[in-house]
Amino acid sequence: MAQEQAGLTRRQAFERRLRRRSMMIAAGSTGAVVLAMVLLIPRAPGWERVKQSFFDWDVVVRTFPKLLNAFLLDVAIFAWSAPMIAALGLAIALARDVRNPVLYPLRLFGALYTDIFRGVPVVLVVYLVGFGIPGLGLSRPWNSPYIWGTVALVLTYSAYVAEIFRSGIESVHQSQRNAALSLGLSGSDTMRYVVLPQAIRRVIPAQMNMLIALQKDVALLSFIGPVEIFRQAGVFKSLLANFTPYVVAAAIFLVVTVPATRLADHLIARQNRART
Amino acid sequence: MKLRLENIQKSFGDTRVLDGISLDVAEGEMVCLIGASGSGKSTLLRCINLLEPLDDGAIWLDGEDIADPALDPQPIRQRIGIVFQSFNLFPHMTAEDNVMLAPRRVRGLSRDALRPQITALFDRFGLADRMGHYPDQLSGGQQQRVAIVRALAMQPEIMLFDEITSALDPELVGEVLEVLKTLKQDGMTMVLATHEMAFARDVADRVCFLDRGRILEQGPPAQIFTTPTQARTRDFLSRVLNTGQAPAA
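Residue numbers (this note's numbering), protein chains in the order written: chain L, -2 to 273; chain Y, 116 to 364.
Because the hints were derived from the structure by calculation, they are not lab data.
Take the hints with a grain of salt, since some may be wrong.
[Stated by the list, open to error] Far from chain Y by the CB rule (all over 12 angstroms, computed), these chain L residues:
| no. | residue |
| --- | --- |
| 1 | V30 |
| 2 | L100 |
| 3 | A177 |
| 4 | V192 |
| 5 | P194 |
| 6 | F220 |
| 7 | D262 |
[Said to hold, decoys possible] Residues from chain L that face chain Y, not an exhaustive set, calculated with beta carbons under 7 angstroms:
| no. | residue |
| --- | --- |
| 8 | S172 |
| 9 | A176 |
| 10 | L182 |
| 11 | D186 |
| 12 | Y190 |
The beta-carbon is built from N, C-alpha and C at its ideal position, and this holds for glycine as well.
Taking the hints into account, I'd like the entire structure generated from these sequences.
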């Protein structure tokens, strides 16, 4: 014992013992929980049916390629929506800071906008915009659900993104603004070169979380037409009378969202460390 | 007179912070404002720079009333440099970019056109090898000197200093005060709010004692520090000089 711990300080040796003990406890309790699940869940009366309809390996093999293909549509909608959301969100955040009386309507609009679109469920906006606007009798291609589904996502998400940008702008200390103004910089240059670069850096982790939420909410467009992964899984469900395609779809989402969530958490942790 | 303050009034809510301040500053003069915390020194400097709007009174800069509320403050601020207690460098820019931002945006000069002048300024204040550093890579004294260079790069007509050594470790105060002596030799017109009594005594042309938003007493440092006429000035000086709050410059 004494030999093994040669070179360690008393504190280090103590902490190593503590670490080993808590690792053993953690392993023991995890093992117990997994064992209980493995033993108990199959004993539930409906387990055989659930296994067949949710975890049928043959169905996984049959549906995976087409589901993955459909997921590319989700990714594409995400990819063209995200930059529009960022641009519109930033514009609204800036509009709410405007002090020029000529631009007052812009400021009022910014406040109304964020109130309305943060207050309505995304799926409702998708329905109302996706069915309502093409219902005006627009002709092809202007009645496409891709266009109006995208518009619905952009409207909703830019309201959230705008609020996050605004909190970032407000978090930059007044003394930074004063330093810039005292050098003779204009208000807009102060915002552009001094406040915004700091504000945007601070809200990147929070905006990452919005991106993850957006990637998931793209599936809501299935309600108005596009055959993306959720809708494709529904088609398979009806065809095969089996729910496994939904599990496959969920797994495909996780492959994308879990690493993204980890990255966001990592960025937040790094920022918290940098501040202390 | 380079700068003339006339009956300056400023309140924050019900609190009267500046209560009729009048002061003349001649070209090339260094005026030190001393007084307890809350006596109005910082607010006065921020008013001169138009960061705080005045309630009443006038500020004449070269014979022009810059306190006219209808004036656009932006071009006036370019003529008046200010350095703050907490440096307020832009943390996302290198020292060089901090200094270049205003001349580039406001005077429309290119980096290349600015570089000789800026490099000379950094060099002059011992910062030649720090131009590419970010503020958090610099000591407090270096940051404050960069902040001074940043203000000087706009070639201001007068400079204001708001307790610029108060946030510094004691061993870094000297290098910043040296910069002020250099500027005085250059003939820069300066108004300082300071707690560095020894520096004020040795370097200032005139010392003003502020108390509750008024200039209670002013005169050459030799007179203010040795034979103050007001009881409150004597009180203040005996407190700060006896507690050693003013290390030698």
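Verification of the supplied hints:
| no. | hint | result |
| --- | --- | --- |
| 1 | V30 | 46 angstroms, holds |
| 2 | L100 | 18 angstroms, holds |
| 3 | A177 | 8 angstroms, violated |
| 4 | V192 | 10 angstroms, violated |
| 5 | P194 | 5 angstroms, violated |
| 6 | F220 | 43 angstroms, holds |
| 7 | D262 | 23 angstroms, holds |
| 8 | S172 | 5 angstroms, holds |
| 9 | A176 | 4 angstroms, holds |
| 10 | L182 | 6 angstroms, holds |
| 11 | D186 | 5 angstroms, holds |
| 12 | Y190 | 6 angstroms, holds |
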